[in-house]
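Using the hints, position chains B and C with the ligands against chain A.
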Amino acid sequence: MTGFAAYLVFFLIIALTYSIVVMGLNLQWGFTGLFNAGVVGFFAVGAYGTAVLIGPERAGAIGGFGLPFPIGVLGGAALAALAALIVGLATLRLREEYLAIATFGIAISIQLIALNFEALTGGAMGLISLPRPMLDVFSSPAHYNLFYLGVVAILALVVYLALERAVTSPWGRVLKAVREDETAARSLGKNPVLIRLQSFVLGCTLIGFAGGLYVGFIGYVSPLDFLPILTFQIWAMLIVGGSGNNRGAIAGAIGVWGLWTMSGLLISQVLPVQFQSQGGAIQVILIGLLIVLTLLFRPRGLIGERETVSKHAGPR
Amino acid sequence: MLQALADGILTGSIIALGAIGLTLTMGILRFANFAHAEMITWGAYMALGALALMGPFMAPLGALSFGLPLIIAMVIAAVLTSLLALMIDHLVFRPLHGRPNDMTIVFSSFGVSLLVRMVVLLIFGGSAQYYSNTLQIAVPVAPGLRILPDQLFVLGFTIVTVISLHFFLQRTRLGLAMRALAENPTLARVNGIDTRVVIRWTWVIGASLAAVAGVLYGLTVQLRPEIGFHLLLPLFAAVIIGGVGNVFGAVVGGLIVGLAESLSVFIIPPSYKLAVPFIILLIVLYVRPTGIFGSAHHAGAK
Amino acid sequence: MSGHLFQANNVVAGYRPDLPIIHGVSMHVDAAEMVTIIGPNGAGKSTMIKAIAGVLPISSGSVTLAGKDITRLPTHGMAAASIAYVPQTDNVFTTLTINENLLLGASSLPKAKALEQVGKAYDKFPALKQYRDKKAKVLSGGQRQMLAVARALLTDPHLIMLDEPSAGLSPLMVSDVFARLRELVESGVSVLMVEQNAKAAMAVSHRTYVLAEGRNRVEGVSSALAQDPEVIAIYLGAGGRKR
Ligand SMILES: Nc1ncnc2c1ncn2[C@@H]1O[C@H](COP(=O)(O)OP(=O)(O)OP(=O)(O)O)[C@@H](O)[C@H]1O
Ligand SMILES: [Mg+2]
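Protein chains in written order, with UniProt numbering: chain A, 1 to 316; chain B, 1 to 302; chain C, 1 to 243.
Below, a sample of chain A positions facing chain B; criterion: calculated Cβ distance under 10 Å: (1) 37; (2) 86; (3) 87; (4) 91; (5) 104; (6) 109; (7) 111; (8) 235; (9) 280; (10) 285.
Covered by chain B, according to a simulated footprint, are these stretches of chain C (three or more residues, beta-carbon under 8 Å): (11) 78-89; (12) 107-120.
These aren't lab readings, by the way, just hints derived from the structure by calculation. Each residue gets a CB set at the ideal place from its N, CA and C atoms; glycine is no exception.
Next comes chain A alone, as it looks inside the complex (with noise of 0.2 Å):
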């Protein structure tokens, strides 16, 4: 393999892990209309939920239990569900802006403890030397990562099948009609707020999920690796692809994960070294406008081709 045939493939291990996390998000605001303002804490609590129960056992530390890869994957979602599961239960039942602002408040918590809870998460120096599942069956870097690549796509696929067939499931209808009226849902006998946290845990759920593949993947956990502007590279991804389009999700990650590694190559390249900093701020600069342009110009992504969320818009 080419040099750059080798790094497409890197790339779109990552890019499509992260088309698993835009689905899990799309699920809470495309069909739910759900603002989740701290994707990469639940992203983070797959991962580092997963590299304690892969890792191999270190001295004086909590964890490293040594398991197998799926079972640590399936423990990282299911502390990301968990995890969901405190901060819907406290936020659901009232105004919406307030789970925003708890999933904030979550994101930089977990982020705290990743920084700082050194017996679990290994403090800044992160969990290391992680073991990468079925890495001895391959004879090559590259053909182990061409392995990971088939797994992630088709893992990918697998959450994009269920994700269609769920939102036009009898549930996915119920979805839609708490989104369009709640009043209506409920004379119908629907619980709202069940529904809404039923979609909040379950897209966490996902994003915790994909937070365990990259750390197969990649084979460490760093709090380098979830920073709070993860949340809105996933969040334009989303936008980019258009929202309540599953398709435009995996187009978003790509796209917009692209872009994002393109662009900072380029600053690397031409950019003199003590322009680095500011060269980056542009970096994120453009994923700002990203969102904020295609929010007011194309509502609907430039992507995405299928109607929006709709709902009743109140009088003015």
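Structure of chains B and C with the ligands alone, referenced to chain A:
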């Protein structure tokens, strides 16, 4: 212990100033503005810029680390922050108002917050800065309690600001219109109030308070582009503790959050301090989501 | 077309642009005239009155007051244009004091004039005076209605529109409210009100419009309409209260 109490009140009073602006905008404009905390950052840095342009033309006042220039810079910062808020409202929030999904506007404020923070980073750089290089000597006020003159100024200034705002809201027509708009926008319009004008003033007041909070905060800590980001959660916690739309509640909420943060070091390692507002927030949401002073009206319940 | 103090022509309006509720309703009110709108639940009576008051956008048709086109006037401009509106529900600010509610009603006036008008309101409604600095949430239903009317009158409007002013009041209060409105009309103010209490409302008003499904159904002089068999059958049976 005494020192921690004093520090908590100091931080709390700054959180309170920011929270007042946030609670006003949340009550009147009816959305949680994630960009509010970035106005604190913006205000603090605008004052820094104004100071740099003016040059040190006057000696510090008394024992304080600053003089008249900083006061002037604070006014300039308030004006520039108000302009920023009005511009954002005009370009982003107003066009999104009344869009199908109500949360779109909250989300857009999330995006705007990132933009403001990055613009500050781009202009001023990421390293810590100070308004003044004057070294201050803490004055012992009681056994085990030392306070910087600047800190006393911050406290006094906050108290004066809160009292003035109270009189403004209670005694002036604009203040009355703001309270009316917070309760029932349609009825306010039926009463002949041009809500667009009131909304504009709400932005100006909220942004000016944010700028003042930013400058006062900058007097007591180092300036960094992340100061607003780190204040966002404390601000929201203060607003929700006090009940959305309740100015007095925001002040009490701010003090509670500030005190809880500084007293938390006796229970948990200081590195978790930033999570304290989140814990308080969760407790309030579980136990009394309308906040301490919240009525059923601005009920957290929908 | 002209001649009437207030005139609404073929008004189309609703809560969503694509879903009109009012499909071309016309009505007029003359100076010092009292007009009632009745109709079954969901007929669009409140919607019509909200459209006229500028609370809801009018997608076609026109509204004039004293020959001036006020169709596209923003809500807050109505007070200055001499139209006052008392909504069916939430028609006082419960978190504000009685005095503040009244001051707000005078928002479109200069401050000195506003204070003067508030003073007059207390003269007209002395019962409100003792609650001057109490929050409006302590008021009873009847007192709130009184406050809402007092507030609407602060600008000395030519036309006052009320949505179910008698709803939820005791029979004694109902006749009191109607008597006060009657006094208003005698002092030269025009009244346009939506009422469920059809019999009593028609007894005090000059003319009546019957709306059904967002359209004009019947209209005429109240006393004549009260004899109309169809109107009697649908709206005036069982004591005139439908609900
Ligand atoms: N806020 C609203 N948004 C959307 N539709 C509404 C709203 N309010 C009323 N409607 C609808 O408009 C139609 C007319 O309602 P309106 O309130 O004007 O009736 P009404 O004649 O005043 O009835 P009532 O006697 O019950 O007060 C009804 O079908 C109602 O469902
Ligand atoms: Mg009605």
